[in-house]
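Chains as they are written, first to last, in the working numbering: chain A, 1 to 66; chain B, 67 to 326; chain C, 327 to 697.
Check before you lean on any hint, since a few could be wrong.
Distance condition first, Cα-Cα at most 20 Å in a straight line; then the derived SDA-like pairs of lysine to any residue [to be verified]:
no., chain 1, residue 1, chain 2, residue 2
1, B, 88, A, 58
2, B, 210, C, 385
3, B, 103, B, 240
4, C, 539, B, 209
5, B, 151, A, 14
6, C, 467, C, 446
7, B, 206, C, 578
8, C, 437, C, 335
9, B, 88, B, 203
10, A, 25, B, 209
11, B, 254, B, 228
12, B, 171, B, 236
13, B, 151, A, 42
14, A, 25, B, 189
15, B, 148, A, 63
16, B, 151, A, 6
17, C, 374, C, 362
18, C, 459, C, 440
19, C, 377, B, 76
20, C, 377, B, 139
21, A, 8, B, 206
22, A, 4, B, 321
23, C, 429, C, 446
24, C, 335, C, 377
25, C, 385, B, 207
26, C, 539, B, 240
27, A, 8, B, 177
28, B, 206, C, 359
29, B, 92, A, 6
30, B, 206, C, 385
31, C, 377, B, 88
32, B, 210, C, 488
33, A, 4, A, 64
34, B, 189, B, 76
35, A, 8, B, 139
36, C, 374, B, 318
To be clear about the criterion: a stretch of chain C counts as covered by chain B if any three or more of its residues have a C-beta under 8 Å from a C-beta of chain B, and this derived list gives those stretches [unchecked claim]:
no., stretch
37, 357-368
38, 633-644
Derived from the structure by calculation, the hints contain no laboratory data. Since this is a predicted model, take the numbers as computed values, not measurements. Ideal Cβ positions, reconstructed from N, Cα and C, are used throughout, including at glycine.
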Amino acid sequence: MLIKVNGKEEEINEEITILQYLENKGVNPENIVIQYNGEIIDGEDVDEIILVANDNLEVLKFVGGG
Amino acid sequence: MTAKLIIDGQEVGSRLFLGTGKFPDKSLIPQVIENSKAQVVTVALRRMNFEAQEENIINYIPDDCILMPNTSGARNAEEAVKIAKIARAAGCGDWVKIEVISDNKYLLPDNYETIKATEILVKEGFTVLPYMSPDLMVAKELEKVGAAAVMPLGAPIGTNRGLRTKELVRILIEEIEVPIIVDAGIGKPSDAAEAMELGAEAVLVNTAVATANDPVIIGEAFGQAVEAGHKAYLAGLGRTKKYASASSPLTGFLNEGAND
Amino acid sequence: MSFYDKYLKWEDFDFAGYWKQLNDDDIEEILNQERLNTLDYLALLSPKAEKYLELMAQKAQKLTLKHFGKVVFLYTPLYLANYCVNQCLYCGFNVKENIERKKLNLSEIAKEAEAIANMGFRHILILTGESRKKTPVKYIKEAVELLTDYFDSIAIEIYPLEIDEYEELIAAGVDSLTIYQEVYNQEQYDRLHIAGPKRNYHFRLDAPERGCKAGMRAVNIGALLGLEDWRKEAFFTGIHAEYLQNNYLDVEVSLSVPRMRPHLGSFQPESKVEDENLVQILLASRLFLPRAGLNISTRERASLRDNLISLGITKMSANAKTSVGGYAESNTELDDDTCQFEISDNRTVNEVTTMLHKQGYQPVFKNWHIF
């Protein structure tokens with residue numbers, strides 16, 4: 001199925017949670033920020049929300065800045 | 067100005083605020099923070115690049131620092147508000163530096179959108195420090211809507227050209243009650259000292275430290291310059307006797323008795 | 327937040343204690359600063375600062391030249407009526423005073439206006455006593471509409487109004503407001519204002535701010551010096567002006583320093599304000615508020631006024647009559663019977679103009695013109 005991640009469409013397997021998606025990408029979920037369909041979600045939800053088609057995911061992180 | 071810097075009721079231990087952008091090697095950051103004694107440290111929020119994952123910047127910043135995410139990347143108030151909320155949700159605390167830039171050529175802040183974003187975020191309980199072009203009416207407005215400090219630019223961002231806006235910043239220092247923090251343009255420790263001598267409550271430095279040959283040493287130099295400039299301000303510069311008092315040409319009439 | 331909150335903050339301040347601990351170094355330090363804070367201002371009003379008047383004067387002169395140049399703005403007052411319902415112990419218009427009460431009708435106002443305009447004035451200050459019945463806002467508005475034919479700028483010095491009333495008068499042609507608190511010390515205010523709507527301290531205190539909110543271009547405030555310790559009264563006047571300047575950047579704020587003059591009635595000043603005290607107030611105010619206008623009226627004698635110009639004065643009245651109908655009226659005897667206070671400087675406009683030119687100052691009769 002197709003979801004949108006950071007503005008780009010991406011084909012992913014059915015029935016995975018956000019956490020599983022991140023782990024597949026090799027992302028440490030600590031200290032990153034997830035916006036799921038426009039809503040900021042807390043750490044625990046990452047493990048509970050199962051992605052469905054057309055979901056919009058923003059994976060954000062802190063970088064250096066002035 | 068008191069000897070202590072208080073922002074939104076919170077005491078801040080150092081008058082040097084440090085930005086973390088443009089460092090050639092992020093692992094230098096902890097040492098720069100330690101040597102410069104900076105306490106307020108800015109970070110930015112970006113989309114993750116899955117191909118080039120690097121260590122989270124937060125991991126380089128000691129726990130006793132005050133994290134101040136900026137809203138860089140925002141082109142209007144709405145985007146700035148969104149970024150600020152995301153940063154807070156991510157556990158960055160309530161501090162936010164509003165940076166709204168709708169001009170890609172000079173990277174000058176959009177004062178109008180900055181006021182709007184400040185007003186919204188103050189209502190949401192943020193400690194808002196807006197970055198702005200030094201303009202008195204805008205600064206007054208920012209203060210009115212609840213900005214915790216006002217951060218005028220010393221020169222366009224990243225130019226290292228020093229305190230080019232000195233006369234305008236001086237007016238803000240005189241007229242605005244919340245702390246004035248000079249942000250952007252500070253290229254050398256002497257620029258930082260100049261801003262502090264003028265009466266700025268703090269300066270925010272990034273490029274000048276991050277792009278120096280030795281960021282750790284220059285960071286230390288900035289820390290010292292900021293302290294020196296602030297001390298000079300508190301002491302009152304040069305007791306120059308500008309007004310000679312030998313004769314009384316202007317008030318002599320008072321001693322001439324009833325002169326009519 | 328209004329200025330009243332600020333007043334309350336300072337009301338119980340230990341003024342005497344603060345003044346007592348000041349030393350010469352403190353005063354010199356302050357004179358070397360570029361900008362004064364509230365306590366610095368208070369220090370310059372202290373007895374300790376008295377021996378620094380010349381230093382203060384030099385600095386005040388410099389600041390005034392920097393912000394205003396060598397110009398003095400001239401205006402004259404036009405009393406429309408002297409009906410008053412208040413009982414203010416110190417005022418010649420006091421309702422209990424048995425004076426001839428008058429109110430100019432429109433054709434009389436036109437005559438006065440013509441006489442004043444013929445002297446060269448383009449700005450006018452109109453005054454009434456406080457009587458909403460005899461001189462309602464409607465009457466003042468009609469007078470203003472008439473006066474716009476003669477003058478480019480009209481200031482009012484009348485009883486305090488609500489914001490919408492100020493707006494109404496501004497729409498008719500008023501651009502400036504003068505209103506004196508008379509006494510900032512609230513207890514003394516209560517003692518001196520025995521009866522009438524003026525007893526409402528708070529409503530009067532906030533009137534300048536209501537004027538700013540309504541869109542006045544210029545606001546002039548002051549305390550009637552002599553009614554209470556002048557150092558404190560000058561201090562409150564200064565911080566009131568600062569409050570207005572800070573909150574209403576678009577308004578030109580100025581201060582008057584009216585001293586009690588002999589007038590009808592028996593009340594005499596409680597705190598004597600000598601010439602050097604008046605000078606100290608003017609200088610401290612200039613140093614604290616470099617861009618505020620400083621106003622000196624014909625209450626003061628000619629020789630003193632002449633000497634004050636180079637110290638920081640930016641506005642002065644000239645050829646003033648403080649009686650109703652005093653300009654067109656040929657009988658000058660009438661002045662003495664019904665005037666609000668005695669005039670000390672009786673010079674004509676030409677004489678004042680000549681004096682200013684001699685000192686190298688330019689008299690200004692028309693400062694702006696609203697299109």
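Structure-based check of all given hints:
Our distance criterion of 20 Å between C-alpha atoms is broken by residue 88 of chain B and residue 58 of chain A, whose separation comes to about 24 Å. Using a Cα cut-off of 20 Å, the hinted pair residue 210 of chain B and residue 385 of chain C is violated, with the two alpha carbons roughly 33 Å apart. Proposed proximity of residue 103 of chain B and residue 240 of chain B is contradicted: the alpha carbons are some 27 Å apart, above 20 Å. Straight-line distance between C-alpha atoms of residue 539 of chain C and residue 209 of chain B comes to about 18 Å, which keeps the hinted pair within the 20 Å bound.
Restraint check for residue 151 of chain B and residue 14 of chain A: the C-alpha separation of about 30 Å exceeds 20 Å, so the hint is violated. As the CA atoms of residue 467 of chain C and residue 446 of chain C are separated by approximately 23 Å, the hinted pair breaks the 20 Å bound. A C-alpha spacing of about 17 Å is found between residue 206 of chain B and residue 578 of chain C, which places the hinted pair at or below 20 Å, so the restraint holds. Between residue 437 of chain C and residue 335 of chain C the CA atoms are separated by roughly 48 Å; this puts the pair beyond 20 Å, and the hint is violated.
Distance hint between residue 88 of chain B and residue 203 of chain B is unfulfilled; the C-alpha atoms sit about 33 Å from each other, more than 20 Å. The suggested pairing of residue 25 of chain A with residue 209 of chain B is violated, with an alpha-carbon distance near 45 Å, which exceeds 20 Å. Our distance criterion of 20 Å between C-alpha atoms is met by residue 254 of chain B and residue 228 of chain B, whose separation comes to about 7 Å. A C-alpha spacing of about 26 Å is found between residue 171 of chain B and residue 236 of chain B, which places the hinted pair above 20 Å, so the restraint is violated.
A hinted pair counts as satisfied when its Cα atoms are at most 20 Å apart, and residue 151 of chain B with residue 42 of chain A qualifies at roughly 13 Å. With a CA separation close to 38 Å, the supplied pair residue 25 of chain A and residue 189 of chain B exceeds the 20 Å bound. A C-alpha spacing of about 17 Å is found between residue 148 of chain B and residue 63 of chain A, which places the hinted pair at or below 20 Å, so the restraint holds. For the given pair, residue 151 of chain B sits about 18 Å from residue 6 of chain A by alpha-carbon distance, which is consistent with the 20 Å threshold.
The straight-line distance between the Cα atoms of residue 374 of chain C and residue 362 of chain C is roughly 17 Å, inside the 20 Å bound, and the hint therefore holds. A threshold of 20 Å between alpha carbons decides the hint, and for residue 459 of chain C with residue 440 of chain C the separation of about 27 Å lies outside it, so the pair is violated. Simply put, residue 377 of chain C and residue 76 of chain B have alpha-carbon atoms about 43 Å apart, too far for the 20 Å limit, and the pair is violated. Only pairs whose Cα atoms come within 20 Å are accepted, and residue 377 of chain C paired with residue 139 of chain B is rejected, the gap being roughly 59 Å.
A C-alpha spacing of about 42 Å is found between residue 8 of chain A and residue 206 of chain B, which places the hinted pair above 20 Å, so the restraint is violated. For the suggested pair residue 4 of chain A and residue 321 of chain B, the alpha carbons sit about 87 Å apart, so the restraint of at most 20 Å is broken. Between residue 429 of chain C and residue 446 of chain C the alpha-carbon distance is near 25 Å, which puts this suggested pair outside the 20 Å criterion. Proposed proximity of residue 335 of chain C and residue 377 of chain C is contradicted: the alpha carbons are some 29 Å apart, above 20 Å.
For the proposed pair residue 385 of chain C and residue 207 of chain B, the alpha carbon gap of about 32 Å is over 20 Å, so the pair is violated. The suggested pairing of residue 539 of chain C with residue 240 of chain B is violated, with an alpha-carbon distance near 23 Å, which exceeds 20 Å. Of the pairs offered as hints, the one joining residue 8 of chain A and residue 177 of chain B is violated, with about 32 Å between alpha carbons and a cut-off of 20 Å exceeded. With a C-alpha separation of about 24 Å, the suggested pair residue 206 of chain B and residue 359 of chain C falls outside the 20 Å cut-off, and the hint is violated.
Between residue 92 of chain B and residue 6 of chain A the alpha-carbon distance is near 24 Å, which puts this suggested pair outside the 20 Å criterion. Straight-line distance between C-alpha atoms of residue 206 of chain B and residue 385 of chain C comes to about 28 Å, which puts the hinted pair past the 20 Å bound. About 58 Å separates the Cα atoms of residue 377 of chain C and residue 88 of chain B, which puts this hinted pair outside 20 Å; it is violated. Proposed proximity of residue 210 of chain B and residue 488 of chain C is contradicted: the alpha carbons are some 24 Å apart, above 20 Å.
At roughly 26 Å between alpha-carbon atoms, residue 4 of chain A and residue 64 of chain A are farther apart than 20 Å, so this suggested pair is violated. Pair hint residue 189 of chain B plus residue 76 of chain B holds up; C-alpha atoms about 18 Å apart against a cutoff of 20 Å. Of the supplied pair hints, the one linking residue 8 of chain A and residue 139 of chain B holds, its CA atoms being roughly 19 Å apart against a limit of 20 Å. Of the supplied pair hints, the one linking residue 374 of chain C and residue 318 of chain B holds, its CA atoms being roughly 19 Å apart against a limit of 20 Å.
Requiring three or more residues with a Cβ within less than 8 Å of a Cβ of chain B, the coverage given for the stretch 357-368 of chain C holds, as 4 such residues are present. Counting residues of the stretch 633-644 of chain C whose CB lies closer than 8 Å to any CB of chain B gives 3, so the stated coverage by that chain holds, three being the minimum.
Hint violations for this structure: numbers 1, 2, 3, 5, 6, 8, 9, 10, 12, 14, 18, 19, 20, 21, 22, 23, 24, 25, 26, 27, 28, 29, 30, 31, 32 and 33, all remaining hints satisfied.
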